[in-house]
Amino acid sequence: MARFNHLAEEIGTERVQSRSEELAAFVERAKWEEISPAARDALKIRVLDSLGCALGALQGEPVRMIRQGIDEFGGNPLCTLIGGGKTSPDRAALYNGALIRYLDFNDSYLAPGETCHPSDNIGAVLAASEYALASGQQFLTALAVSYQVQCRLCDEAPVRVRGFDHTTQGAFASAAGVAKALGLSTAQVTNALGISGTANNALRVTRTGELSHWKGLAYPDTAFNGLRAAFLAMRGVTGPREVFEGNKGWCETIAGDFELDWTREDLERVLRTIIKKYNAEIHSQSALEGLIEMMREKGFSGGDIDRIRIDIFDVAHLIIGGGVEGDKTIVRTKEEADHSLHYMAAAAALDGQVMPAQYEPERIAKNDIQSLLRRVNVVGNPEYSRRFPDEHCCKITVTLKDGRFFTKEKTDYEGFHTRPMSWEPVIRKFEELAEDVIESSRRREIIDAVRRLDGIAVKDLMALLG
Numbered sequence: 031m032a033r034f035n036h037l038a039e040e041i042g043t044e045r046v047q048s049r050s051e052e053l054a055a056f057v058e059r060a061k062w063e064e065i066s067p068a069a070r071d072a073l074k075i076r077v078l079d080s081l082g083c084a085l086g087a088l089q090g091e092p093v094r095m096i097r098q099g100i101d102e103f104g105g106n107p108l109c110t111l112i113g114g115g116k117t118s119p120d121r122a123a124l125y126n127g128a129l130i131r132y133l134d135f136n137d138s139y140l141a142p143g144e145t146c147h148p149s150d151n152i153g154a155v156l157a158a159s160e161y162a163l164a165s166g167q168q169f170l171t172a173l174a175v176s177y178q179v180q181c182r183l184c185d186e187a188p189v190r191v192r193g194f195d196h197t198t199q200g201a202f203a204s205a206a207g208v209a210k211a212l213g214l215s216t217a218q219v220t221n222a223l224g225i226s227g228t229a230n231n232a233l234r235v236t237r238t239g240e241l242s243h244w245k246g247l248a249y250p251d252t253a254f255n256g257l258r259a260a261f262l263a264m265r266g267v268t269g270p271r272e273v274f275e276g277n278k279g280w281c282e283t284i285a286g287d288f289e290l291d292w293t294r295e296d297l298e299r300v301l302r303t304i305i306k307k308y309n310a311e312i313h314s315q316s317a318l319e320g321l322i323e324m325m326r327e328k329g330f331s332g333g334d335i336d337r338i339r340i341d342i343f344d345v346a347h348l349i350i351g352g353g354v355e356g357d358k359t360i361v362r363t364k365e366e367a368d369h370s371l372h373y374m375a376a377a378a379a380l381d382g383q384v385m386p387a388q389y390e391p392e393r394i395a396k397n398d399i400q401s402l403l404r405r406v407n408v409v410g411n412p413e414y415s416r417r418f419p420d421e422h423c424c425k426i427t428v429t430l431k432d433g434r435f436f437t438k439e440k441t442d443y444e445g446f447h448t449r450p451m452s453w454e455p456v457i458r459k460f461e462e463l464a465e466d467v468i469e470s471s472r473r474r475e476i477i478d479a480v481r482r483l484d485g486i487a488v489k490d491l492m493a494l495l496g
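Per the numbering used here, the very first residue in the sequence shown carries number 31; after that it's consecutive.
Source of the hints: derived by calculation from the structure; they are not laboratory data.
Any given hint might turn out to be false.
[What the hints assert, rightly or not] Derived DSBU-like pairs (lysine-lysine); straight-line CA-CA distance at most 35 Å: (1) K328 / K425; (2) K431 / K396; (3) K116 / K489; (4) K278 / K61; (5) K328 / K438; (6) K396 / K328; (7) K396 / K425; (8) K438 / K425; (9) K396 / K438; (10) K116 / K61; (11) K431 / K328; (12) K489 / K61.
[Claimed, not checked] Between beta-carbon pairs, the in silico distance windows are: (13) E392 / T293: 50 to 56 Å; (14) D101 / R416: 50 to 56 Å; (15) Q98 / I360: 28 to 34 Å; (16) I486 / D357: 45 to 51 Å; (17) A387 / S470: 16 to 22 Å; (18) D478 / R94: 27 to 33 Å; (19) E91 / I486: 31 to 37 Å; (20) S401 / E454: 35 to 41 Å; (21) E63 / Q400: 52 to 58 Å; (22) P107 / R481: 26 to 32 Å; (23) G143 / A387: 32 to 38 Å; (24) G353 / P107: 43 to 49 Å; (25) R481 / S242: 36 to 42 Å.
All values reported here derive from a predicted model rather than from experimental measurement.
From the three backbone atoms N, C-alpha and C, an ideal C-beta is built for every residue, glycine too.
Using the sequences provided together with the hints, build the complete structure.
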């Protein structure tokens with residue numbers, strides 16, 4: 031193929047543009063002016079939401095392990111670590127990305143065959159933007175690129191049923207966003223996509239069976255490598271131009287063939303992303319809201335409950351309901367708890383809330399929650415599955431110990447794209463997650479800086495976070 035291309039150039043015929051070159055051209059031509067006011071606001075809201083998640087995760091066990099490694103190995107202090115200190119861009123991307131992801135409380139995107147968390151790209155895009163002395167507008171434009179690339183690849187090229195993790199599409203999204211933040215040319219972006227897309231194809235076992243710390247660190251690692259791919263491309267390192275359609279390429283070995291015309295794409299997909307109301311896996315949100323609403327409306331407590339049945343769309347049943355990704359009644363760790371609808375429903379019933387406190391080891395181990403989670407039954411509903419992902423349907427049936435039972439049906443929740451979160455609830459979430467970490471005056475400064483992010487420099491925001 032390389033010899034053919036060289037020959038084609040010699041005889042004056044035009045070489046066929048590869049899919050990665052088409053995507054790279056989309057990345058290079060993306061402009062702040064093309065982002066609608068609604069999408070600009072949505073991007074800033076998701077930045078604040080993600081920073082709250084990051085500040086709330088500063089004491090997370092695997093996050094502290096990463097920080098120990100950074101402290102030992104060092105790194106040229108070019109980029110800010112959330113919570114204090116500086117290091118090299120790649121290590122800042124890894125650490126800050128791990129902070130955003132660890133609580134499993136950041137935003138999500140639902141495609142028919144895939145679920146992803148586009149804000150997983152923020153750590154890497156922030157690091158590249160700080161390195162490049164970028165403006166807030168440049169950062170938000172690069173972030174919009176990452177959101178668009180990841181969401182649209184999840185729409186058109188899902189990989190979960192083939193045994194790959196959603197971080198696989200993220201290899202392209204993170205490289206694209208970082209490349210945009212660095213101001214790379216189309217040729218350089220193509221190389222970044224080729225390097226990252228070839229090297230970062232992760233297995234779905236990360237989220238099945240007995241879960242580990244890696245569930246929360248897999249995407250930070252992908253973004254770390256996507257950033258490094260973009261920096262290598264910036265210096266002239268080349269990557270497989272035909273990473274998608276080439277012999278043994280991404281389409282043939284991982285995703286199957288798909289069609290995506292990047293000349294027709296905009297930067298608006300962020301408006302279809304959804305924010306978590308509860309510190310719980312995204313597919314549980316409507317069920318948890320419904321259960322808590324039902325308890326408030328009917329006046330019973332978790333101790334009154336004999337059993338709970340949740341009828342829900344198939345993706346929720348398969349991933350967090352015990353369908354195909356392991357027994358969700360075996361819950362010993364935070365990672366297993368926040369991917370078990372049985373545990374999360376029991377926590378909502380007994381505590382009236384699902385927040386980081388519900389994942390403390392002492393809470394997970396208590397008899398009341400371990401007993402009730404085994405009396406939660408999750409059932410797939412074909413009709414609800416047909417209405418997914420446009421709706422987030424479920425029906426909760428609670429039977430009390432005195433024999434009474436109640437039902438409640440939901441089609442969405444606060445934070446879903448049909449009922450999006452405004453600034454006010456996201457600010458409350460940020461305040462709650464950050465209140466034990468930083469003083470109120472600094473929290474107000476961060477909120478104000480994010481609101482004005484399109485009018486300040488990235489370094490000004492990072493100074494507040496560091």
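Next item on the list: Would you check the hint for K328 and K438, treating anything up to 35 Å between C-alpha atoms as holding?
Entry: Satisfied, since the Cα-Cα distance of roughly 11 Å is no more than 35 Å.
Check: Within a Cα-Cα threshold of 35 Å, do K489 and K61 meet the stated pairing?
Finding: holds (21 Å)
Notebook entry, point to check: Is 32 to 38 Å a correct range for the gap between the Cβ atoms of G143 and A387?
Noted result: Check passed, 34 Å falls within 32 to 38 Å.
Note to self: Range first: 43 to 49 Å. Now tell me if the beta carbons of G353 and P107 are that far apart.
What the structure shows: Since the Cβ atoms of G353 and P107 sit about 47 Å apart, the hinted range of 43 to 49 Å holds.
Notebook entry, point to check: Between E63 and Q400, does the C-beta distance stay in 52 to 58 Å?
Noted result: With a Cβ separation near 55 Å, E63 and Q400 satisfy 52 to 58 Å, so the hint holds.
Check: Does the alpha-carbon distance linking K431 and K328 stay inside the 35 Å limit?
Finding: holds (14 Å)
Next item on the list: Determine whether the Cβ-Cβ distance between S401 and E454 falls within the hinted range of 35 to 41 Å.
Entry: Once the Cβ atoms are compared, 37 Å apart, the range 35 to 41 Å for E454 and S401 holds.
Check: Within 27 to 33 Å or not, the Cβ separation of D478 and R94?
Finding: holds (29 Å)
Checklist line | Supplied distance hint 36 to 42 Å, evaluated on CB atoms of R481 and S242 | finding: Holds, at about 37 Å.
Note to self: For a C-alpha distance cap of 35 Å, please report whether K396 and K438 respect it.
What the structure shows: holds (28 Å)
Notebook entry, point to check: Given a hinted range of 50 to 56 Å, is it respected by the beta-carbon distance of E392 and T293?
Noted result: holds (55 Å)
Notebook entry, point to check: Between K116 and K61, is the straight-line Cα distance small enough, at 35 Å or below?
Noted result: holds (30 Å)
In this structure, none of the earlier numbered hints is contradicted; all agree with it.
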